[in-house]
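*Asks:* Listed in order, the protein sequences are those of chains A and B. The UniProt record's numbering numbers the first residue of the first sequence as 1 and each following residue consecutively. The UniProt record's numbering numbers the first residue of the second sequence as 1 and each following residue consecutively.
It should be emphasised that the hints constitute simulated quantities derived from the structure, not laboratory data. Take the hints with a grain of salt, since some may be wrong.
Same chains, same names: a pair is fine if it fits in one copy or spans any two.
To be verified - 25 angstroms max Cα-Cα, derived BS3-like pairs, lysine-lysine:
#1 K206 to K41
#2 K126 to K41
#3 K223 to K41
#4 K203 to K127
#5 K127 to K41
#6 K126 to K206
#7 K126 to K203
#8 K167 to K41
#9 K223 to K167
#10 K223 to K127
#11 K53 to K223
#12 K223 to K206
#13 K206 to K53
2 protein chains.
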Amino acid sequence: MTRHPIYSLEFFSGIPESILTSIASDSQLRTAVRNQQVITKGSLGDELFFLIKGRLQVIDVTEDGRELCIYIINEGEYFGELAVIDGGSRSTSVVSIGDAELMVMSRHTALQLIYSHPILAERLMKKLAYLVRLSSQNRAMLSIQNPYQRICTVLTTLIRTLPGNLKIIELPPQQSLAGMTNCSRETVSRAIGQLLNAGIAEKDRKTLIVREPERLQHIVQGKITTE
Amino acid sequence: MTRHPIYSLEFFSGIPESILTSIASDSQLRTAVRNQQVITKGSLGDELFFLIKGRLQVIDVTEDGRELCIYIINEGEYFGELAVIDGGSRSTSVVSIGDAELMVMSRHTALQLIYSHPILAERLMKKLAYLVRLSSQNRAMLSIQNPYQRICTVLTTLIRTLPGNLKIIELPPQQSLAGMTNCSRETVSRAIGQLLNAGIAEKDRKTLIVREPERLQHIVQGKITTE
């Protein structure tokens, strides 16, 4: 028998197994396919989501109808917490990049859990603080005039360090990177090409292996002038 | 003897007076003058601030050196919570618009309070959720092409309803409105002039009295075409 995914979610680490078992039976497991909308901006929502498998993009629709990908949700992360906390409508849409598996918890269960376990309240607060910081960085990034520098800034935020100090970036779709940085898909493609040509990164399918993170950082800081 | 300002702060409503008395003696009262920087972006900070008197502006400095006013802090509100929650550096600067009085609490005291009173954790979470929503609205606002529509959108978010259903806007400095909406001070001045000419609002010193909130809403929604 496969173990319920709730036991491997970092958000719940430290919570007694008996409590997790009872939450697990209260929660639903769902799947999503490529491009499926998991959350629709503006709708009323009263569920907290945990991403068990796959990758999702958080999308905002601008007033003039463009879709901006704001950030990527990775395996093990949760989302949908704003509406759970304040009972308001969904502030952004969430779309599945490929196939995905989700665990879904009712607002009632989620709030009860959070307010009875200070460690969960603390984790949630830290995540919200992170989101506020992210949007503030995002504002600063979008104010950079040079699109190549904007793209490198976003790529830097996506770096993950693997054991052995290998730094990789799981590339979001180019269309998403274009949306995040407010430039065209062609510019994104050219910027990545330049990083490869300069030997700053290597590409392995959809992953960038960052060979020279410091040079990437220099581009972000505007120390290296580019196109 | 004047009562300590802590007893009138909404954030602490419901917290036993004996606890407030002990926090009050642990906290400092400070003053700030016009244009004084209360928090500096990028600095390390371990204090939570409560604005007792005055008005402050939250300012972000963009990569190319422009100052963007993001929002206004009004009497009775608190700020500086991000660094208190996650121990990181200050994400924005805070500058006093005029003379101001502040109550300042150490990070240690603030965290102890928050984690031992779920109602405070809940209030803080709701505020953080509000900040995330605000930045998301901000992104949507900045994507509007027409500057007049952007200015009206920001003005709408500043409306306060007084007893008797009177709707007013305490105008931030024009330079701040210009920063918030990414347009020139002249454009802000012209936009406000148009609202007065059209009878949508009246001006009383630094306060706009909104006579026709629905027409203002129509401009925000792009239903009325303007310059």
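*Asks:* Hints first: check each against the structure and report whether it holds.
*Replies:* Outcome of the hint check:
no.: 1; hint: K206 to K41; in the structure: neither (28 angstroms within a copy, 36 angstroms between copies)
no.: 2; hint: K126 to K41; in the structure: both (23 angstroms within a copy, 19 angstroms between copies)
no.: 3; hint: K223 to K41; in the structure: between (39 angstroms within a copy, 22 angstroms between copies)
no.: 4; hint: K203 to K127; in the structure: neither (31 angstroms within a copy, 42 angstroms between copies)
no.: 5; hint: K127 to K41; in the structure: both (20 angstroms within a copy, 20 angstroms between copies)
no.: 6; hint: K126 to K206; in the structure: neither (30 angstroms within a copy, 38 angstroms between copies)
no.: 7; hint: K126 to K203; in the structure: neither (33 angstroms within a copy, 42 angstroms between copies)
no.: 8; hint: K167 to K41; in the structure: neither (33 angstroms within a copy, 29 angstroms between copies)
no.: 9; hint: K223 to K167; in the structure: within (21 angstroms within a copy, 50 angstroms between copies)
no.: 10; hint: K223 to K127; in the structure: neither (31 angstroms within a copy, 38 angstroms between copies)
no.: 11; hint: K53 to K223; in the structure: neither (39 angstroms within a copy, 43 angstroms between copies)
no.: 12; hint: K223 to K206; in the structure: neither (28 angstroms within a copy, 44 angstroms between copies)
no.: 13; hint: K206 to K53; in the structure: within (17 angstroms within a copy, 54 angstroms between copies)
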